[in-house]
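Residue-level listing of the chains:
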Amino acid sequence: MQAVNQALREEMRRDDRIVILGEDVGRDGGVFRATEGLYDEFGANRVIDTPLAESGIIGTAIGMAVYGLNPVPEIQFLDFIYPAFDQIVTNLSKLRYRSGGQYSCHLVVRAPYGGGIKGGHYHSQSSEAYFAHTAGLKVVIPATPYDTKGLLLSSLRDEDPVIFLEPKRIYRAVKGEVPDGEFTVPIGKARVAREGRDVSIFAYGAMLQVCLEAAESAKKGEGVDAEVVDLRTLVPLDIDTVMASVQKTGRAIIVHEAPKTAGFGAEVAALIAERAIEYLKGPIIRVAGYDTPFPYTLEEHYLPSVPKVKKAINKIMQY
Amino acid sequence: MSQSAPKEYLQVILSDGKLDKSSEPSLSEQDLKHIYRSMLTTRLFDIKSMNLQRQGRIGFYVPCSGQEAAQIGSAFALRNSDWTLPTYRDMGVAILRGVPVRTLFDHLMGNAKDLMRGRQMPNHWGFKSANYVSIASTIAAHLPVATGVAMAMKMKNEDNVVMAYHGDGATSAGDFHSAYNFAGVYKAPIVFICENNGWAISLPASKQTASGTFAEKALAYGFPGVRVDGNDALAVYKAAREAVERARKGQGPTMIECLTYRMGPHSTSDDPNRYRTREEMEAWKRKDPVERFRSYLERKGYWSKDFEEDLRAKIDAEINTAVKEEAEVPPPELSTMFTDVYSTMPQLLREELREEEEFSESSSTNA
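The listed protein sequences derive, respectively, from chains S and V. Adding 5 to a residue's 1-based position in the first sequence gives its number in this note's numbering. Adding 171 to a residue's 1-based position in the second sequence gives its number in this note's numbering.
It cannot be assumed that every hint is accurate.
Unchecked claim - Over the 10 Å line for every Cβ pair with chain V, so calculated as not near, a few chain S residues: (1) Thr65; (2) Phe82; (3) Thr95; (4) Gly124; (5) Glu187; (6) Glu305.
As the list claims (entries may be wrong) - Partial list, computed: chain V residues near chain S (C-beta under 10 Å): (7) Ala312; (8) Asp346; (9) Val356.
Just so you know, these hints were derived from the structure itself, not from any lab. We put the beta carbon where it would ideally sit given N, CA and C, even for glycine.
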């Protein structure tokens with residue numbers, strides 16, 4: 006959370022075209038306090054409390070971007086983005102292409118996403134797949150505070166529209182080193198969070214932590230040496246890093262919170278099957294949310310967990 | 172702010188041919204002829220483009236005949252640095268703002284010179300040099316964007332304004348509500364031109380809303396809505412100029428409902444005889460905005476038969492030469508399917524481009 010705040014503050018000082026808009030982002034500092042203090046420092050002209058309309062928030066942000074500002078519209082919860090979906094698919098993702106390059110949108114949509122906070126159907130969704138499926142968008146999902154700041158700074162400087170999804174479960178839960186000042190993490194590059202030789206586990210967002218714990222436990226318990234790769238950017242995906250890992254280990258597991266069917270894991274699995282099948286010792290396994298709306302009381306049963314990832318590791322090690 | 176619902180509307184060139192001198196805007200002979208030339212060019216371009224589609228020389232077209240006064244009268248009130256966000260039916264706005272017919276035909280033909288690179292169907296054009304933002308098919312989707320542009324102008328302390336166009340159908344869409352609401356809240360420097368042409372494809376305006384007029388919808392958003400005779404270019408110009416001045420002075424948005432008529436079909440895929448009467452179409456033909464403005468020019472002493480013939484000959488020559496020459500331009504390069512998706516082409520798209528190039532080569536050698 007502080008990483009988000011720091012990135013926004015530092016970049017707003019550096020680039021006066023950046024404006025923030027959204028519900029409760031100004032005087033209230035955002036329901037997750039991501040924009041805390043920014044209204045006081047930069048004023049109402051650059052931190053705008055909008056009326057309650059996601060289509061208006063994203064739509065007007067697109068207009069601001071087209072006129073030369075760098076807007077950062079916030080959607081309070083990713084679950085509420087759907088009224089703006091038309092603006093995103095019809096305008097945001099296509100303006101550069103449809104105008105022959107005459108117009109473009111330098112803009113970052115920020116939204117907290119994902120479960121684990123007892124949020125139920127409408128405060129827990131992971132709908133990154135809809136955006137990954139829309140050409141013209143970049144989809145960035147940090148898993149650590151360091152990457153949150155670095156990737157947000159890169160997104161703020163990117164000339165293309167970025168959907169920046171912040172795993173809300175780790176807003177305060179994950180502590181990490183976040184240096185002050187200038188550094189960026191490149192968009193489109195995955196990170197090998199843990200090197201290993203027996204199996205490749207691909208994850209992003211809050212699931213990175215789950216996979217790292219599962220890998221530790223697998224090493225101590227079964228002596229399995231798992232490699233864990235944080236994808237960080239879904240679009241454009243770092244295909245080379247994914248394939249290099251599969252070529253090394255020969256076994257692939259993909260972990261995400263989003264429902265399994267047509268989730269982003271399906272895309273990664275297809276890419277691996279197309280490009281690295283001769284290296285695979287066994288099937289590609291996905292550990293994902295069930296194909297149900299996100300439950301409230303039974304949330305822990307829904308989400309991929311350390312035991313579920315370990316179960317997948319044990320299964321694939323039989324091959 | 173209390174304001175009565177606007178039932179009456181503004182007319183300068185009255186329908187019985189008389190002139191309301193009290194509301195006549197003072198425009199020079201040069202200005203008036205410029206307006207007329209733009210209206211006539213738009214009409215002749217429209218007829219030609221419909222013919223091109225019927226002949227199979229372009230794939231699709233959205234005609235605007237009947238709406239020239241609403242488009243050109245309003246756009247004439249703008250500076251070059253003001254921005255427009257029009258609809259796919261608003262080529263009058265493009266022509267008035269200086270886009271050559273040749274450039275319009277390039278887009279309709281989707282050839283290599285099309286500024287849109289052949290990526291979009293007609294009339295989904297955009298012209299940065301004319302500050303005419305490119306168009307999507309989704310109705311009203313441009314309206315929140317228009318409000319955002321206006322908000323940005325205000326935030327940057329620039330005295331430009333936005334003129335956003337939409338139809339009667341668009342007022343039902345959710346984006347209309349978002350756009351107007353934000354515009355009112357932020358007192359954005361924007362003028363909304365509602366071209367009420369009576370029809371949203373086959374749905375008459377009377378079934379589009381239970382509201383008495385479209386103009387009164389603006390009141391709910393905190394700004395004025397005015398109605399004008401949309402086939403009277405001077406009335407439209409007068410209302411637009413006042414609205415533009417309001418916006419430029421920081422007094423916020425205005426909605427101008429132009430009562431006009433879509434003389435042709437919704438598009439070349441539509442047959443309005445299925446849902447409109449001949450009587451209705453004939454009645455509106457008698458109120459043709461181009462003819463009405465011509466008669467005004469004649470009354471002012473600026474028009475003659477020679478002037479008309481010369482002008483038509485010039486426009487026809489420009490149009491026909493453009494069609495002939497631009498029809499020779501080849502289609503866009505294959506790579507244009509993959510460029511401009513992002514500012515630089517990512518690895519995956521480079522692979523897909525290569526894949527398509529190889530596929531095209533091998534199928535042409537096997538042909």
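Going down the list of hints, with the structure as the test:
no.	hint	verdict
1	Thr65	violated (3 Å)
2	Phe82	holds (19 Å)
3	Thr95	violated (5 Å)
4	Gly124	holds (25 Å)
5	Glu187	holds (22 Å)
6	Glu305	holds (36 Å)
7	Ala312	holds (5 Å)
8	Asp346	holds (6 Å)
9	Val356	holds (6 Å)
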